[in-house]
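S.K.: Each chain is listed here by its residues.
Protein chains: 4
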Amino acid sequence: MAKVKVGVAGYGTIGQRLADGVAKQGDMELVGIADMAPTLAIRALYEKGMPYDLYLVNGADTAKFDEMGIPYKGSFQDLVDQVDVMLDSSPAGIGLKNKRIYEAAGVKAIFQGGEKNEVADVFFHGYANFEKGLDQNYLKLTSCNTTGLIRTVDALDRAYGIDKVAITIIRRVADPGDYNRGLTNALQIEKAPTHQAVDLMTIMPHINATGILVHTPVTHGHIITVLATGKNGKITKQMAMDAFKDHPRIRILRMEDGFLGNASYFKYGRDLGHERGDMYEIGLWENSIVESGDDIMYAFVVPQEAVTIPETMDCIRAAMHMQETREEGTSETNKYLGIGKFKAMGLG
Amino acid sequence: MAKVKVGVAGYGTIGQRLADGVAKQGDMELVGIADMAPTLAIRALYEKGMPYDLYLVNGADTAKFDEMGIPYKGSFQDLVDQVDVMLDSSPAGIGLKNKRIYEAAGVKAIFQGGEKNEVADVFFHGYANFEKGLDQNYLKLTSCNTTGLIRTVDALDRAYGIDKVAITIIRRVADPGDYNRGLTNALQIEKAPTHQAVDLMTIMPHINATGILVHTPVTHGHIITVLATGKNGKITKQMAMDAFKDHPRIRILRMEDGFLGNASYFKYGRDLGHERGDMYEIGLWENSIVESGDDIMYAFVVPQEAVTIPETMDCIRAAMHMQETREEGTSETNKYLGIGKFKAMGLG
Amino acid sequence: MAKVKVGVAGYGTIGQRLADGVAKQGDMELVGIADMAPTLAIRALYEKGMPYDLYLVNGADTAKFDEMGIPYKGSFQDLVDQVDVMLDSSPAGIGLKNKRIYEAAGVKAIFQGGEKNEVADVFFHGYANFEKGLDQNYLKLTSCNTTGLIRTVDALDRAYGIDKVAITIIRRVADPGDYNRGLTNALQIEKAPTHQAVDLMTIMPHINATGILVHTPVTHGHIITVLATGKNGKITKQMAMDAFKDHPRIRILRMEDGFLGNASYFKYGRDLGHERGDMYEIGLWENSIVESGDDIMYAFVVPQEAVTIPETMDCIRAAMHMQETREEGTSETNKYLGIGKFKAMGLG
Amino acid sequence: MAKVKVGVAGYGTIGQRLADGVAKQGDMELVGIADMAPTLAIRALYEKGMPYDLYLVNGADTAKFDEMGIPYKGSFQDLVDQVDVMLDSSPAGIGLKNKRIYEAAGVKAIFQGGEKNEVADVFFHGYANFEKGLDQNYLKLTSCNTTGLIRTVDALDRAYGIDKVAITIIRRVADPGDYNRGLTNALQIEKAPTHQAVDLMTIMPHINATGILVHTPVTHGHIITVLATGKNGKITKQMAMDAFKDHPRIRILRMEDGFLGNASYFKYGRDLGHERGDMYEIGLWENSIVESGDDIMYAFVVPQEAVTIPETMDCIRAAMHMQETREEGTSETNKYLGIGKFKAMGLG
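Residue numbers (my numbering), protein chains in the order written: chain R, 2 to 349; chain A, 2 to 349; chain P, 2 to 349; chain E, 2 to 349.
Derived by calculation from the structure, the hints in this document are not laboratory data.
Since the structure is predicted, the reported quantities are computational estimates derived from the model, not experimental observations.
Hints should not be assumed to be uniformly reliable.
Identical chains share a label here; the pair holds if one copy fits it or two copies do between them.
List of simulated lysine to aspartate or glutamate pairs, EDC-like, C-alpha gap at most 16 angstroms [to be verified]:
1. K232 x D164
2. K100 x D82
3. K133 x E328
4. K49 x E276
5. K232 x D295
6. K65 x D258
7. K192 x D67
8. K165 x D295
9. K192 x E292
10. K342 x E48
11. K192 x D258
Extracted from the complex, chain R is given alone in its bound form (with noise of 0.2 angstroms):
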C-alpha cells in the first residue's frame, strides 16, 4: 500500500514536531515543511543537513535563504500538489487563508488548536471521536491543554459514565526560548469559563463542562486539576486508577520517585534522549488523585510541546482512513512514537 502523503505548513514550535512525528510513521511520508524565514528551526534543519525538504511560501525572502546557501525544493503550491494532506501550524489566522489553496488542490487539511473551529468540519480527538474523523476533509486538532484533559476525561467516562467537570488550568504562559510574550511574577487570571471547557464540551456533548484558567511565569508544562463527578454514584480513587493506569498516553507520576512538578517532568524527557526533549504523554499524579464525596479529584502535567502530535497522527489516520477504529488508529499512532512501552516496564 502506498505511503499517505504528508505536508507540513509552518515550521514552528508545533510544526517541527509534526514533520518529526510524520516522519517516524511507517506508513507515511513526509513530503516537505513550508516556511517563509530563516527562522532559528530552520537555520537548525539546515545544520541538521536538511533532513526535510523545504518548500518556500509566497512572501518570504528567498534572497536570505540564498545568502544562508539554505537550499529549498520549491513553492508552497509545489508542496501542497505532492502531498495527500497537510498539516497545517501556521500563525493562527493564516490557515484559514491556506484553505483556499487546499480546497483548490483537492488536498485534505489538518488544523493546530490556534485556527478558528470554523476552519473545519470536524473538531478532533484521536481518543474521543476517532470515527468523526473518517473521510473527512477539513478538520482541526484540540488545544494542547484540551488534548491531555480529553484523554483522562474519556478514559473515565468510559469506564464509568461522566456527568460533569470542573477544571483550574495552571497554565505555562510562554514556550521555552519565547521573546515575544512572558509573565515576569505575575499570576494572569482569564474570564470564565475558559475554552479548554468549551472545547470538551464539543468534543464530549453529554458533558457538563466549566473551568478557571490561570496563567504562570514557567515554560514547559501545564498543570490541571479536575472534579469529575460521575453519572452513576461514586468514583473511589482506585477505581480512577484503573482507568488512567492503562492508558498508553497517560503516564503515572509519583511524588516520591522524583517527579515534583511540571519541571521533573520536562527534565526527564530530555534524559530519555527523546528529540528536544519531548513527551507525548501527560504525566498524573498518582499522589494527587483524592475523593471529594463521591467526585473524584485528580492532576496531571501537560507537556504543550508535543502532547498533540499522537493525535495529530490519529486524525491523519482517521481523515485517509488508514484504520477503522480508534483502537486501530490509536494504536498504529503509538506503535510508531514508541507511546505505552514504558507501560510494560513497570515505569507508570
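Since the structure of chain R is already known, use the hints to place chains A, P and E on it.
M.R.: Just chains A, P and E now, kept in the frame of chain R:
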C-alpha cells in the same frame, strides 16, 4: 476601660504587620515587640525612629544591637510580664517553647498558622468561629490561604448552606525579599489533600473539603479556585455574588478594571498608600464565578503578608472577651483597620 | 515667596511618584495631575479621597469617570493654564505632542527619560549639570539607570577625575504589576553599546563610556556593574568608598547586613513605611568594590520606580531658578524628600 | 591501540553528559557509571534499555533497584578496578573521599569544578594548559563559567596578549528540573571578587582578573560580560572577532538571526536534535563587542550543563597522554563530539 496590652514575639513578615495592626486598634496598646537579631526589619524600625519598643529574646547578640546604636527596652520576659496577651509569630516550632514562658507568666497567647495545632486549645477564624475563642488562653490562627478561603466559604455557608468544597491552590512560593526559598521556572505539586482543606474541616466540621496545591514562582498573592456544593440545591452566580459583595474583607474585582492577576492587586495596595502596600482583604473576581451544574466555582487572590492580621485582631477580642459576638468583634477590628470603606464608595 | 506651581501629565508609575514628590516640596504647589482613563492608579487616588486634583486629557472617556463617581476639575488645558511648569510623564511619544500645548501656554516643561532627546533643550541630571538647567524652558531627565549611574560616576569624577567607564546593566524587565511586558525564564541581550552609556556621555562629554545591557526576569531593581578608569592614576577601594559614602543619594549596603540583592532593597523600602515602598537612593554594595589594576569596579541597585524623582525636583529648581547651584538645589530637594538622614544614623 | 577505559562516578546533570561524551570518543570505552539511588536520571537510563552499565556505590539501597527491576553490574570498587581513569562528578565533597579508592586502585581521576582544588595536582583547561595535564594522575576541571570564560580570554591572549580582565557574571541560579534551589523575582549578588576570576588567574597566572557575580532567576545559560585590556595596545572589534571566529568551541551569534538571549540558545540546541538539547560551544554575540578606549568588551552565553564536557575529554587525553599537544588533543575531542562543523557551514 483600660486598653488591652499586647506584645509581639518575632518581628518578621507577619510580626511586623501584627504590630502595625495592634497599633491601629484604639482599644489596644502595643507594649512592644521582641526579636533576636538586627535584621533588615529591625534596622528599618530603627531608621524610622523606633515607633515600637524593642525587647530582646534570650540568646540575642546584644553587642550587635549596641554597635549599631539600636536601643532596646529589656528582655523577652520583661515584655511578657507587662502584657495581657502575646501574639507569637516566631519561626515555626519556637512558639511551642515560648508557650511555657506565657504559661508561667499567666499570659494568654495567640499563635500563627506555622505552629502545630497542639500548641493551642482553639483553632480560630474571626468570621467562622469567633465565639469559640471567647475567654480562651491559647489560640491559633488559620494560615493565610485558609483564612482567605474560609471567608468565602463561610459567607456562602451562612447564606445557603455548604455541603462540600474542592479547592485548587495556586500558591506563591516565597515572600518579596526571600532569598532562602524559591522556585525558578518550575511548578511544584504537593501530595493531596492539601492541609488548607483539612484545616477548613477543623474549623467548619460540617463541611467536606479536599484539594490540590501547586507552588508557582511568584512572590505576592496566592490564587485559589473553589468548587462549592450547596446543601440545599443550586447556587447561582447571582446568589454567590450576593453572599460575597457585602463582606467587608472581600473585594470584588473585575478584569476589565485592570485587575488582571495577583500582581495588579499587589500594585493596587501600594498605590493606595497602605503601609508596606499591604491589603487586608482578599480579592475575588466577579468574572471568575461560573456555575458547574448546581455547584458554584470562583477564584480569589490572597495577599499572604497581611491577610491574617484582621482575624488575629478578632482573636485578641475573643480571647480577652472585648466583644461578645462575631458581628461585634469583626466590626470593631474592621473599624480600626479601615476595612470596608471602599464598599460604600462602590469600589467592589 | 510664592510657591512654584506644578502639574503632572500622565499618572502612571512615574507620574504618581512625581506628584508625591512635588507635594512634599515646601516651596512648590501641586496644582493637579492629568490622565485619560480610570486606571488602577486613578482608582486608588479616588479611594484615598482625591488628595490631588484630577484633570482629563483630550479624548478621555468622561462617561466612565462619571459612572464611577470619580470627580475631575477640568481639562488638560485648564491644568496647563494654572502652572509654572509641567512634569510630563506621558507614554513615550505623547510628550512631544504635549509640548505644543506647553509652548502655546508659555509654560515650562520637564520630560522623562522615555521621550526622545529632541523634545528638550537640556538633558539634565541634578548632580552632574544642575547649572545647565538654570532658566531653561524644556528639559529632559535621564532615565532611571542613567540617573543612578551618573550619581556614582559624578561622585568619582569630582573626587579623582574619571577618564572612561564600561558598564554592565542587569536590567529588571518589567515593573511590579506589569502585564503588557515580561520575560519568563529568559535573559535578553541588547545590541551594544547600551543607550545609558551614550546618555552618560551626553551629560558628561569628557568621559568615554560604553556598555552592555541584559534584561532579566525580575520586577524591582536593576543592578549595574561599573568599571571606572581614573584620569590621574589608580583609584583604590578606599578612595571609591570615600567618594560614595557621603553622597546623600547613595546608600552603602553590606551583604552581611541582609542586603542580598535587589529584592532585599525593595523589601527594605516597604519596611521603612515609605509610600509605595519607594526608595529615592540607589544602594551600592561595599562588598562589591574591587580593584582591577588601577581601575575600580563596583555594583549598585537602582530602584527604578522612584529613583528619578529627586533629580526631577532638582530640575524644577533649576528651570525656575529657585536655587543657584547644584549644592543648593539638590540640598533643598533632599531636605523635603527626607533623603540622607540615614547617613547621620550610621546606616550606610 | 587499546581504548582508554573510563568510568563515571555520579550520574547527575554533569555525570550523564560525561558518560555521553566518553561514549562518543572513538578511542575511549565507557566501562560504566556509578550512582547510589534510582533517581530520575537512572530511571531514564533504565527506560532507554541500559545503554551504560550501572554500578552501585557503597550505601546504595539495592532493594529499591531490585524492586524497580533496574539491573546493576557490581559495586563501585568493581567499576574502579576495570578502568584507567575515573571521571568524578559526585556531589561536592564526595570526590575527596573517593580519591582514596582511586589511589588504592592505582587509577587516575578527573574531578569537576565543585570539588576543592586540593583534590587535584593540576587545575586543567583543554585550551589554556593542556600540556600541564600530560601524564598527571589527579586533575580538576574548571567550572562551567570559568571554562567558557577561559576559551575567550585564551583566544585573545594567544592572538594579542592580555594584561587584565574584569568580568560580570549574570548567573543562572538553577538547572532545569532543580527543586532544591531557586530564586523567585530576585537578583542575588555575591561578595567580590567572584571565584571565576580567581580561578582564571590560577590557570593563567600572567593575567590580572577580577569580577562581580549576580544570580538571576533563570535555568539555562549564564551570560558573562568581559572587559579585556591588551598587553600591547588597542584591541579593536575586528581583532577580537578574528580571534573568536575560528575557535571551534565558540559560536558567533547575531541578535538579528534570532539569538536574543540564553533562551534562544537553549532552544537552538534542542532544535538541533542534540541529546538533551545540549550545546558544547559557548555563544558569543558579535553585536555585543564594543571598544572601550583601547580595551575590548564582549558578552557570551555559557550552556552550563554541557560546556565542560569537551574540556573533560581533553583532560582524559592529557592525563593518559593520548596526544601530545593542545592542538592535537582538542582536535580529537572536537572530532568525536562533532564540534566545529557549523563553522564550515558559515553558521557562526
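S.K.: Work down the list of hints and note, for each, if the structure agrees.
M.R.: Hints and how they fare:
{"no.": "1", "hint": "K232 x D164", "in the structure": "within (5 angstroms within a copy, 19 angstroms between copies)"}
{"no.": "2", "hint": "K100 x D82", "in the structure": "within (13 angstroms within a copy, 59 angstroms between copies)"}
{"no.": "3", "hint": "K133 x E328", "in the structure": "within (14 angstroms within a copy, 59 angstroms between copies)"}
{"no.": "4", "hint": "K49 x E276", "in the structure": "both (13 angstroms within a copy, 13 angstroms between copies)"}
{"no.": "5", "hint": "K232 x D295", "in the structure": "both (10 angstroms within a copy, 14 angstroms between copies)"}
{"no.": "6", "hint": "K65 x D258", "in the structure": "between (49 angstroms within a copy, 11 angstroms between copies)"}
{"no.": "7", "hint": "K192 x D67", "in the structure": "neither (47 angstroms within a copy, 26 angstroms between copies)"}
{"no.": "8", "hint": "K165 x D295", "in the structure": "both (12 angstroms within a copy, 11 angstroms between copies)"}
{"no.": "9", "hint": "K192 x E292", "in the structure": "between (28 angstroms within a copy, 13 angstroms between copies)"}
{"no.": "10", "hint": "K342 x E48", "in the structure": "between (32 angstroms within a copy, 9 angstroms between copies)"}
{"no.": "11", "hint": "K192 x D258", "in the structure": "between (36 angstroms within a copy, 13 angstroms between copies)"}
Hint 7 from the earlier list is the only one contradicted by this structure; the remaining hints agree with it.
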